[in-house]
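At position 550 of the sequence shown (counting the first as 1) the number is 553 in the numbering used here, and the numbers step up by one without a gap.
The hints are simulated quantities; they were obtained by calculation from the structure and are not laboratory data.
Every residue, glycine too, gets a C-beta built ideally from N, C-alpha and C.
Relax, there's no trap hidden among the hints.
With a cut-off of at most 25 Å between alpha-carbon atoms, the simulated SDA-like pairs for lysine to any residue come out as follows:
1) Lys121 <-> Ile59
2) Lys629 <-> Arg528
3) Lys239 <-> Trp306
4) Lys415 <-> Asp342
5) Lys444 <-> Asn369
6) Lys133 <-> Val173
7) Lys308 <-> Pro230
8) Lys43 <-> Met60
9) Lys385 <-> Ala544
10) Lys415 <-> Arg361
11) Lys376 <-> Asp325
12) Lys303 <-> Glu274
13) Lys444 <-> Leu598
14) Lys64 <-> Ile81
15) Lys281 <-> Ile71
16) Lys438 <-> Ile570
17) Lys43 <-> Ile81
18) Lys64 <-> Lys548
19) Lys617 <-> Arg606
20) Lys617 <-> Asp536
21) Lys281 <-> Asn70
22) Lys276 <-> Ser170
23) Lys617 <-> Asp531
24) Lys548 <-> Asp600
25) Lys308 <-> Gly417
26) Lys376 <-> His340
27) Lys376 <-> Ser391
28) Lys415 <-> Arg443
29) Lys385 <-> Val344
30) Lys644 <-> Thr523
Restraint-style ranges between C-beta atoms, simulated for each label pair:
31) Asp172 <-> Asp600: 50 to 60 Å
32) Ile36 <-> Leu441: 42 to 52 Å
33) Val98 <-> Glu324: 51 to 61 Å
34) Glu97 <-> Gly364: 52 to 62 Å
35) Arg426 <-> Gly92: 33 to 43 Å
36) Gln297 <-> Glu448: 33 to 43 Å
37) Asp600 <-> Glu137: 49 to 59 Å
38) Ser605 <-> Arg217: 45 to 55 Å
39) Ser167 <-> Asp342: 43 to 53 Å
40) Glu607 <-> Arg217: 43 to 53 Å
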Amino acid sequence: MLADQSSILDWSSKIYLFDRSLFYQDSGTADAIYVGTFSKVFREYSPRPDPGQILIMRGIKRYNDQNIGYSDHLQWAIYDPATRSTTHGDIPSEVPRIANMRGRLSSPFWDADEEEIKYCADLHEWWMEKKQEEQRRIESGNIIQIESSFMSRGSSRRQHLLLSDASPDVQPGGYFDCTVEVSHDPYGTPTAAMRTYSSQDDRTSTVYVTDYTRNAETPLFTGAWVPEGLGGLLLKIEMWDKARTASEAMLSGDYYAINNCRIITNMGHYEGKQVEPKFRKLDEENAAEEPALQALLERKQAWQKGQGSADTPEPECRTIEDAALDEFFDTVAEVLHVDGVDLYITDYTGHHELREQRYNGPWAANLEGLVLKVRTADTQTKVAQSFSKGEFCRITNLRIVHSGMAEETIGKLGGSEKKRIMRVNRALAKDQPFKELLRRKARWEKELAEQSETGVPSAPAQEQPSAPSVKAQGKATLRRKPSPTRSASGSRRSAATSDGSDLTFASLRDKPKPELYTLTARATRAVDKRTWDGCIMRQCAQCGKQLTRLEAACFHCNDIEHEFVKIGGAQLILECTDTAGVINRVAVVSNTLRLHDELIGSREPEKVFENWLKPLTGGDLAGLGKRADTPLVDMDLLVQKDRAHRLLDYKLRRP
Numbered sequence: 004m005l006a007d008q009s010s011i012l013d014w015s016s017k018i019y020l021f022d023r024s025l026f027y028q029d030s031g032t033a034d035a036i037y038v039g040t041f042s043k044v045f046r047e048y049s050p051r052p053d054p055g056q057i058l059i060m061r062g063i064k065r066y067n068d069q070n071i072g073y074s075d076h077l078q079w080a081i082y083d084p085a086t087r088s089t090t091h092g093d094i095p096s097e098v099p100r101i102a103n104m105r106g107r108l109s110s111p112f113w114d115a116d117e118e119e120i121k122y123c124a125d126l127h128e129w130w131m132e133k134k135q136e137e138q139r140r141i142e143s144g145n146i147i148q149i150e151s152s153f154m155s156r157g158s159s160r161r162q163h164l165l166l167s168d169a170s171p172d173v174q175p176g177g178y179f180d181c182t183v184e185v186s187h188d189p190y191g192t193p194t195a196a197m198r199t200y201s202s203q204d205d206r207t208s209t210v211y212v213t214d215y216t217r218n219a220e221t222p223l224f225t226g227a228w229v230p231e232g233l234g235g236l237l238l239k240i241e242m243w244d245k246a247r248t249a250s251e252a253m254l255s256g257d258y259y260a261i262n263n264c265r266i267i268t269n270m271g272h273y274e275g276k277q278v279e280p281k282f283r284k285l286d287e288e289n290a291a292e293e294p295a296l297q298a299l300l301e302r303k304q305a306w307q308k309g310q311g312s313a314d315t316p317e318p319e320c321r322t323i324e325d326a327a328l329d330e331f332f333d334t335v336a337e338v339l340h341v342d343g344v345d346l347y348i349t350d351y352t353g354h355h356e357l358r359e360q361r362y363n364g365p366w367a368a369n370l371e372g373l374v375l376k377v378r379t380a381d382t383q384t385k386v387a388q389s390f391s392k393g394e395f396c397r398i399t400n401l402r403i404v405h406s407g408m409a410e411e412t413i414g415k416l417g418g419s420e421k422k423r424i425m426r427v428n429r430a431l432a433k434d435q436p437f438k439e440l441l442r443r444k445a446r447w448e449k450e451l452a453e454q455s456e457t458g459v460p461s462a463p464a465q466e467q468p469s470a471p472s473v474k475a476q477g478k479a480t481l482r483r484k485p486s487p488t489r490s491a492s493g494s495r496r497s498a499a500t501s502d503g504s505d506l507t508f509a510s511l512r513d514k515p516k517p518e519l520y521t522l523t524a525r526a527t528r529a530v531d532k533r534t535w536d537g538c539i540m541r542q543c544a545q546c547g548k549q550l551t552r553l554e555a556a557c558f559h560c561n562d563i564e565h566e567f568v569k570i571g572g573a574q575l576i577l578e579c580t581d582t583a584g585v586i587n588r589v590a591v592v593s594n595t596l597r598l599h600d601e602l603i604g605s606r607e608p609e610k611v612f613e614n615w616l617k618p619l620t621g622g623d624l625a626g627l628g629k630r631a632d633t634p635l636v637d638m639d640l641l642v643q644k645d646r647a648h649r650l651l652d653y654k655l656r657r658p
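Please put together the full structure from these sequences, using the hints given.
Structure (structure tokens):
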């Protein structure tokens, strides 16, 4: 089995293992355990056995019901029956047998002892006997119930089935994989699937799913919560133990690949049982890369036509400017801000009803008349609150309405099962509405830049992330003068603005807050980080969990292939000393810097962060406290009450 290189530069192998303890003698089938291995150093450090070979693995870590072989602990060997010894395959001469694994010398190659080799030989002999037995059954024509799981890779695991084909008789033991859509919530609870908890330590919850196929052995579900015509296409799945907790993230209308689900019979009807959190959220935008999801969407479309939905046209994708009042439409927009149940968006077009509306806050700077507040409820509030400023979303069944009570025009989500807000992956989105949105944003940014250069007092919102103006030397307005210079961010700024020598950290205590000020100081110590890589914040795009730099995957989401890890930004706390010798802490957070988009989109985000800050720190972070020659800089600081000052930009002072 060849190792694959993951998105974060680990070599990984996916291996399914079994022995006599997992073999079903009565049926001739075998279950298996899954082991994922990772290597940061050499591809050859991950085992690559062929199906049917005997593999020794040591140092496997059991974590969250998963078996992981990490590069600094895993040791392995492959048994060769021809020589009755172990081998590690063809290892090139440039690949060392021993390497530095996270600070200690270790070898991934295990040398088996005599007892282990004897056991391998015995296991190999047993496997050969099973293959011969199956061959005799095939030759005799008696192949019923014979499904040797490891004769080939194609039959080595549970089958991926339609719900219509699932049954307790499916081998092995009624377990199967499927691709489904989470059904509508019958009780309008904050989460999308229906939640019913047992009195037995709250160990179970219930989720209803469909793949738009009918299983004759499932009951017909009825009630106001069931979409018309869908009652016979639903499967009830009881989520147990860890699967119950993980299922809380499931939202109505989301698509999931579910692994290791089991069909059982309850009071004469089929239902599903899920114990392990082995499900992966799928993105409708990437359906072309997920054949099972693509097929589900096609069945869904056919079902909708059969239900007469073809007579009701889908809302068109329009800009906010082109949307008529009280009419449903779909749109693509950028998220500006989230506040409780309200999601603030823009597509850089202005609806005539929004011209007079203004919102306070740095996120709305220079966007007068271009901001739409979308009021969410129930499930979609949870979805909206998962967004961050600068992300893009696709909203379906949106309408613009006038709220007489609030005396403002807002957006509202309509419909039931189509009430959807979806995240758009900028790197993958290729559709025309999204491309047009990016063009409008670029044009808006260009116009603001031109206005700034000609002296018009407006600047892009990115340059003012937390306050409406910069106070140079304590004065209340942003002063612009000729001969602009460039700051660390590359943006043009006035020489007068950069002169903050009259301000000190002590004098800022009595200044109005929140506000922007310019102050002269130097960085003297990195408080919380010692490396640039340590400044990078990683998180799981599936569940939102923050990950450490040592976590190559989100185990909570069964992210064996490292699909969900994304860069969320960077942050660092610096200890700075001003010209009066006063020491104060300053936070550097990338989401308030112009480099944020570049950083989260880079394959080397730590380099982006380092290149921006290195002139300020004078070198690496570990040695910052030992250097006495760090340069004086003019720092643009956001000063807030009871919070650390935040660095927004800086400029090296001339000697």
